[in-house]
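Colleague: Next come the chains, spelled out residue by residue.
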Amino acid sequence: MSALAHVGGTSGTTGAGPAGDAPPQERAGRRWLPYLLLLPGGLWLLVFFVVPLLQLFTVSIQSQFPGYPGYYYRDVNFSNYLRALTDFAPQFGRSLLFAALATFFAFALAYPLAYAMAFKAGRWRNIMLIAVIAPFFTSFILRTVAWRQILADDGPVASTLNALHLLPGGRITETAAAVVAGLTYNFLPFMVLPIYASLERADARVIEAGGDLYANGFTTFRTVTLPMSMPGVIAGTLLTFIPAAGDYVNAELLGSDGDKMVGNVIDSQFFRVLGGFPTAAALSFTLMALILAMVFVYIRRFGTEELL
Amino acid sequence: MIRWLQNRFAIIVAVLVLLYLFLPVAYTFVFSFNNYRKSNIVWNPQGSPTLKHWQDPCGAPGVCDALVTSLQIGVIATVIATVLGTMLAFALVRHKFRGRAVSNVLVFVPMATPEIVLGASLLTIFVQGFSRVGLGLGFWTITIAHIMFCVSFVVVTVKARLQSLDPRIEEAAQDLYAGPGSTFWRVTFPLVLPGIVGAALLAFSLSFDDFIITNFVSGNETTFPKFVYVSYLRGIPAQANVIGFSMFVIALTLVILGQLIGNARRSSK
Chain A
1 MSALAHVGGT SGTTGAGPAG DAPPQERAGR RWLPYLLLLP GGLWLLVFFV
51 VPLLQLFTVS IQSQFPGYPG YYYRDVNFSN YLRALTDFAP QFGRSLLFAA
101 LATFFAFALA YPLAYAMAFK AGRWRNIMLI AVIAPFFTSF ILRTVAWRQI
151 LADDGPVAST LNALHLLPGG RITETAAAVV AGLTYNFLPF MVLPIYASLE
201 RADARVIEAG GDLYANGFTT FRTVTLPMSM PGVIAGTLLT FIPAAGDYVN
251 AELLGSDGDK MVGNVIDSQF FRVLGGFPTA AALSFTLMAL ILAMVFVYIR
301 RFGTEELL
Chain B
1 MIRWLQNRFA IIVAVLVLLY LFLPVAYTFV FSFNNYRKSN IVWNPQGSPT
51 LKHWQDPCGA PGVCDALVTS LQIGVIATVI ATVLGTMLAF ALVRHKFRGR
101 AVSNVLVFVP MATPEIVLGA SLLTIFVQGF SRVGLGLGFW TITIAHIMFC
151 VSFVVVTVKA RLQSLDPRIE EAAQDLYAGP GSTFWRVTFP LVLPGIVGAA
201 LLAFSLSFDD FIITNFVSGN ETTFPKFVYV SYLRGIPAQA NVIGFSMFVI
251 ALTLVILGQL IGNARRSSK
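Protein sequences appear in the order of chains A and B.
Each residue of the first sequence is one higher than the one before, starting from 1 at the first, in our numbering.
Each residue of the second sequence is one higher than the one before, starting from 1 at the first, in our numbering.
Worth flagging that the hints you see were computed from the coordinates, not collected in a lab.
If you're wondering where the values come from, they're calculated on a predicted model, not measured in any experiment.
Where a beta carbon is used, it is the ideal one built from N, C-alpha and C, also for glycine.
Careful: at least some of the hints might be erroneous.
Unchecked claim - So, partial list: chain B residues that the calculated Cβ filter (under 7 Å) puts toward chain A: (1) Y27; (2) H95; (3) A251.
Chain A with its partners taken away, still in its complex shape (with noise of 0.2 Å):
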């Protein structure tokens, strides 16, 4: 269950772990049996994943028949794309920034749940992994709606701030701070197991060096602890705002019409517009292409060579 490590795929040559390299020299009538192990993972993925995404590409430049809604020609036409960023801008800016808040809250509180499992639970640390993805089991829409009725105006969240006089708007739900709380707490999951996987492997005995060497908890926290966890972070970090980038579930069922993100955007396109399907898949595409662009450039910024 130490899962989730290193999201990036270790290039393998830069000594990940101590068995990170290969034999050294592999039996010349072996030498087939790594293609052979991949083959039908690699396939499956090639015809799965990347043929469709190849798919969704050319239609996302054909065109519409003129006064023919739902029927296309093939073509070269890139207009969906330039309509895609000038009429749906703020739904991607949304997406972008919902995320991102998104994504310091669960970083907020997953990183002392996953420190507190990794160095303090003893012997509770497996059951605590597990209670942190057990509630996968019941179903993350009804958990959504769960919180639909906590934050509700006269839920005890919305009721208790209004009596401090603390809401200025007076509700919770149907405002982007509920899309926000919603994202962080469906997501949270996959921003804990890499941080505790990473921490998991750190050497305690390195932190407590830190400590006898007369450095204080937060300077050994900084300069030890977290550089340790780093992989862990990146990798959940990413797990956390790729997904919640692209999530609609929550602005529909948390948000009001004007929170609603990319993901709504898309779902609506491709299901209730007749002929929307080349806009939805232009804003699939610039969607990923956002997302790759600022992992990429993230993974430069903070990435070790472990990662990609």
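We have chain A; now place chain B onto it with these hints.
Modeller: Coordinates of chain B only, in the frame set by chain A:
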């Protein structure tokens, strides 16, 4: 006192965060006893708490069918994704070969792609190509999609375990004249097994809880999360709460039991 708090700060925050994770689950549980009239959103004090939804968990039309579909897809997707992912992980960690860097990227990018893009792209091929070969949207397209996004998570989990193995153990086995086959099956595989089990568990929970991709490729087929989402507008029946909470308890119990048995075995050796 301050010292005491300082020592336990991380544990206290951790317990609070876990409670936060469980809060909506507790809400789901409480509202499974609600004697609601039209929709199960507001607590109705008259006649609540009631056990009637627990006595008749399949009482809402379609809810148990959806659950069975989710469990079937979960099991099939988990088995196939775990096998494919484990093979990939072994290839990537234990072998040097041409195209390894590309393979690493191929495994990583699906995780860096938002679910909605995965769902939308799969829908375009399922709609345009696969219906011609008789594969309409439904059970199998959902299963195919779940296997696809679970494989990457299996690979990273198993890879982490493989990389943390001490190579000296396998060298020792070979020094003791174990051939490559028996070294693998009697030494390496048992050591990696906890990672594989963890990966399978993760794959099952991801498949069981997936909604966004499923919603794109499911056609008329309904999984449990889709059932809940679709019935949200009309009002989610309390039977969904009963089933959702029961699945949470069953999963928790099974894994903790497995853990305890594992611990007992280890200490008896």
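Colleague: Work down the list of hints and note, for each, if the structure agrees.
Modeller: Results for each hint:
1. Y27: Hint on Y27 (chain B): holds, closest Cβ of chain A at ~4 Å, below 7 Å.
2. H95: 4 Å, holds
3. A251: This hint holds: A251 (chain B) lies near chain A, its Cβ roughly 4 Å from the closest one there, short of 7 Å.
Going down the numbered hints, you'll see the structure goes against none, and every one checks out.
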